[in-house]
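Enquirer: Can you build the whole structure from these sequences, using the hints too?
There are 2 protein chains.
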Amino acid sequence: MLIDGLQCGHFNREVFETLVRGGVHCVTSTLGFWEGTVESMESIGHWRDMEREHGDLFFIARTAEDIESAPSRGKVAILLGYQNAALFEGRIAFVELFADLGVRVVQLTYNNQNDLGGSCYETEDSGLARFGREVIREMNRVGMVVDCSHVGDRTTLDAINWSEQPIAITHANAASVFPHKRNKTDPVLAALKEKGGVIGCAAYRNIAPQTANESLRGWCEMVARTVDLAGVDHVGIGTDYSHNHGPADYDWMRKGRWTRTVQYGAGSAANPGPTPKPEWIKTVDKLSTVQGGLIDVGFSADEADKLVGGNWLRLYRQVFAAAGR
Amino acid sequence: MLIDGLQCGHFNREVFETLVRGGVHCVTSTLGFWEGTVESMESIGHWRDMEREHGDLFFIARTAEDIESAPSRGKVAILLGYQNAALFEGRIAFVELFADLGVRVVQLTYNNQNDLGGSCYETEDSGLARFGREVIREMNRVGMVVDCSHVGDRTTLDAINWSEQPIAITHANAASVFPHKRNKTDPVLAALKEKGGVIGCAAYRNIAPQTANESLRGWCEMVARTVDLAGVDHVGIGTDYSHNHGPADYDWMRKGRWTRTVQYGAGSAANPGPTPKPEWIKTVDKLSTVQGGLIDVGFSADEADKLVGGNWLRLYRQVFAAAGR
Numbered sequence: 001m002l003i004d005g006l007q008c009g010h011f012n013r014e015v016f017e018t019l020v021r022g023g024v025h026c027v028t029s030t031l032g033f034w035e036g037t038v039e040s041m042e043s044i045g046h047w048r049d050m051e052r053e054h055g056d057l058f059f060i061a062r063t064a065e066d067i068e069s070a071p072s073r074g075k076v077a078i079l080l081g082y083q084n085a086a087l088f089e090g091r092i093a094f095v096e097l098f099a100d101l102g103v104r105v106v107q108l109t110y111n112n113q114n115d116l117g118g119s120c121y122e123t124e125d126s127g128l129a130r131f132g133r134e135v136i137r138e139m140n141r142v143g144m145v146v147d148c149s150h151v152g153d154r155t156t157l158d159a160i161n162w163s164e165q166p167i168a169i170t171h172a173n174a175a176s177v178f179p180h181k182r183n184k185t186d187p188v189l190a191a192l193k194e195k196g197g198v199i200g201c202a203a204y205r206n207i208a209p210q211t212a213n214e215s216l217r218g219w220c221e222m223v224a225r226t227v228d229l230a231g232v233d234h235v236g237i238g239t240d241y242s243h244n245h246g247p248a249d250y251d252w253m254r255k256g257r258w259t260r261t262v263q264y265g266a267g268s269a270a271n272p273g274p275t276p277k278p279e280w281i282k283t284v285d286k287l288s289t290v291q292g293g294l295i296d297v298g299f300s301a302d303e304a305d306k307l308v309g310g311n312w313l314r315l316y317r318q319v320f321a322a323a324g325r
Numbered sequence: 001m002l003i004d005g006l007q008c009g010h011f012n013r014e015v016f017e018t019l020v021r022g023g024v025h026c027v028t029s030t031l032g033f034w035e036g037t038v039e040s041m042e043s044i045g046h047w048r049d050m051e052r053e054h055g056d057l058f059f060i061a062r063t064a065e066d067i068e069s070a071p072s073r074g075k076v077a078i079l080l081g082y083q084n085a086a087l088f089e090g091r092i093a094f095v096e097l098f099a100d101l102g103v104r105v106v107q108l109t110y111n112n113q114n115d116l117g118g119s120c121y122e123t124e125d126s127g128l129a130r131f132g133r134e135v136i137r138e139m140n141r142v143g144m145v146v147d148c149s150h151v152g153d154r155t156t157l158d159a160i161n162w163s164e165q166p167i168a169i170t171h172a173n174a175a176s177v178f179p180h181k182r183n184k185t186d187p188v189l190a191a192l193k194e195k196g197g198v199i200g201c202a203a204y205r206n207i208a209p210q211t212a213n214e215s216l217r218g219w220c221e222m223v224a225r226t227v228d229l230a231g232v233d234h235v236g237i238g239t240d241y242s243h244n245h246g247p248a249d250y251d252w253m254r255k256g257r258w259t260r261t262v263q264y265g266a267g268s269a270a271n272p273g274p275t276p277k278p279e280w281i282k283t284v285d286k287l288s289t290v291q292g293g294l295i296d297v298g299f300s301a302d303e304a305d306k307l308v309g310g311n312w313l314r315l316y317r318q319v320f321a322a323a324g325r
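If you read the sequences in order, they're chains A and S. With this note's numbering, the residue at position 93 of the first sequence is 93, and numbering never jumps. With this note's numbering, the residue at position 8 of the second sequence is 8, and numbering never jumps.
I should point out that these hints are in silico values taken from the structure, not numbers from a laboratory. Hints are supplied without guarantee of correctness; some may be wrong.
Computed footprint of chain A on chain S, listed as stretches where at least three residues anywhere in the stretch have a Cβ under 8 Å from a Cβ of chain A [as the list claims (entries may be wrong)]:
no.	region
1	42–52
2	93–101
The following residues of chain A were derived to be distant from chain S, with all beta-carbon distances above 10 Å [unchecked claim]:
no.	residue
3	V20
4	E35
5	T37
6	G45
7	H54
8	G102
9	A175
10	K181
11	D249
12	G256
13	T259
14	K282
15	K286
16	A322
Think of the CB as a built atom: it goes at the ideal place given N, C-alpha and C, for glycine as much as any other residue.
Expert: Shown next as structure tokens:
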């Protein structure tokens, strides 16, 4: 299985064709960043429409079995995800309702503190807040993956400990490999491993070392260093690959409705704009090269299988199983 | 099967106990009148919570098979319904999403004209509007019952003709039996019958003849006159029974957010307030007496079976079947 734990942007027929051509079996798509309940439902409606139009290339997956059926169906399984909990609008009951609508992955918060907890970009990380504890337990109950990629370290550690299911860091790297607020410290990775979670290594220029951006080998070496920290059973792919993103999309992701000032996201004043894709993955079908790249840097075929999808599938199997109970 | 096509108000444990005691197998509950998307989702969340708390007495039904299982389970099957299309907030995609959340009955409009069509209380009934046509076809596709109880005659006739499935008038009476804007003219009942629909006779004092309010026999005689107009295969029960309604509830139902002036709903200046329940149904478990009452006014046992639930079940079977396709 070849699974990417996070992509974002505007999916269309060409994107789905490229994913299928690359043999990608499952992708978690980002349906929202700051959007509330109604806007989030509109995104789901849009994906339903796309599924009706491009059902020959992809399907919306609700179970691990759905994902496992992707290779034989020759389609990519899409997990519906949100990079923020704004879709719940503070209502615990909405977690179950959005699960019913097919949402399978929700990040506790995006770049800002919210009612669930602290963000990696806040000066002070509150830790997991009262509503955050409620939401995590409800996500556990209904079978939704808790994502802490943009979440602050303290809140992430709280979430790992509080959650009854392993959590995901769908798209980030190890901070000791590349220091950045978006990347995860060694204690976070140790706790993630201890509780059975998975981190998806990002192929996003702003949060990866230059070597990882320049070549597949460099990126696979970064994965190897992440495996040294989190273990071969707890690392996967989470490219953060963005499809068809323009300046308005970056403005929305970074500024939402919360500020009128310039925001750089994972960039900086010296590096304010959209960044080019890493050299080795100018098109997303290049994900098909990762398995070989991992073997080239010393992983066995079995280990590479885990890293390119097996670990994600194990996590999905475990977390989604709750939905059937 | 004993099925009530519409009740409203605040359901609680005592209500469910009374329904079970009365051998009522299925009730469509009203989850909203003027509420938009988020508020409507909150109502669904509330019903999910009630189901977890009182699951020994009721369950939320999604299919005709669910309803048919009610007698052997000793519980009442609840269909989630809305008396307005405000929950969709003008978005065609939300019809499918609310169906996914379990909504099975939606009235095209309540007391006022909306983006779907005209109401029985408007001076001018526009007929089915552009969005109304879209919503009906989408409801047909996803397996939702189109309800025209408070809908104007012209829009109702349009809906009957436009819908690919039979429609419901869940809670109204025949206007030729008791003239009232809320009741349905002979041409509407003839068209309803022609297309396989069902009208649920109301046990609501303001829209029924005095005889129907005074005794079970009188109410069953009203049903018999409705059967003369619509046929024995197209009439059911739709009491409009309200549970635990107080003045604030009537204010909300009648005025919503659309006016500051006094509104009487189905009442009048001479009869402004909440009305007492009909004499024969002071408690809702008295629905158990209807079958015998119908036989007493001349129906065969088979005919009475149809009238107390068989006709609703046939309609539900047909309409809900679309959801499985």
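Enquirer: How does the region 93–101 of chain S fare against chain A when you require at least three residues with a CB closer than 8 Å, holds or violated?
Expert: holds (count 6)
Enquirer: Quick check for students: does the CB of T37 of chain A sit more than 10 Å from each CB in chain S?
Expert: violated, 5 Å
Enquirer: Counting residues of the region 42–52 of chain S that have a beta-carbon nearer than 8 Å to any beta-carbon of chain A, does the count reach 3?
Expert: holds (count 6)
Enquirer: If we take the beta carbon of T259 of chain A, is the closest beta carbon in chain S still more than 10 Å away?
Expert: Correct as stated: the minimum Cβ-Cβ distance to chain S is 25 Å, above 10 Å.
Enquirer: Closest CB-CB distance from A322 of chain A to chain S, is it above 10 Å?
Expert: holds, 15 Å
Enquirer: Could you check that no beta carbon of chain S comes within 10 Å of the beta carbon of G256 of chain A?
Expert: holds, 19 Å
Enquirer: Can we confirm that no CB of chain S comes within 10 Å of the CB of K286 of chain A?
Expert: holds, 33 Å
Enquirer: Is the Cβ of V20 of chain A more than 10 Å away from each Cβ in chain S?
Expert: Its Cβ never comes within 10 Å of chain S, the nearest being 25 Å, so this holds.
Enquirer: Checking the smallest CB distance to chain S, is K282 of chain A really beyond 10 Å?
Expert: holds, 34 Å
Enquirer: Determine whether the non-interface label on G102 of chain A survives the test: each CB of chain S must be over 10 Å from its CB.
Expert: Violated, since 8 Å does not exceed 10 Å.
Enquirer: Mind verifying the non-interface call on E35 of chain A? Its CB should be farther than 10 Å from each CB in chain S.
Expert: About 13 Å separates E35 of chain A from the closest Cβ of chain S, which puts it past 10 Å; holds.
Enquirer: Against chain S, does H54 of chain A hold up as non-interface, every C-beta pair farther apart than 10 Å?
Expert: holds, 16 Å
Checked against the numbered hints given earlier, the structure breaks hints 5, 6, 8 and satisfies all the rest.
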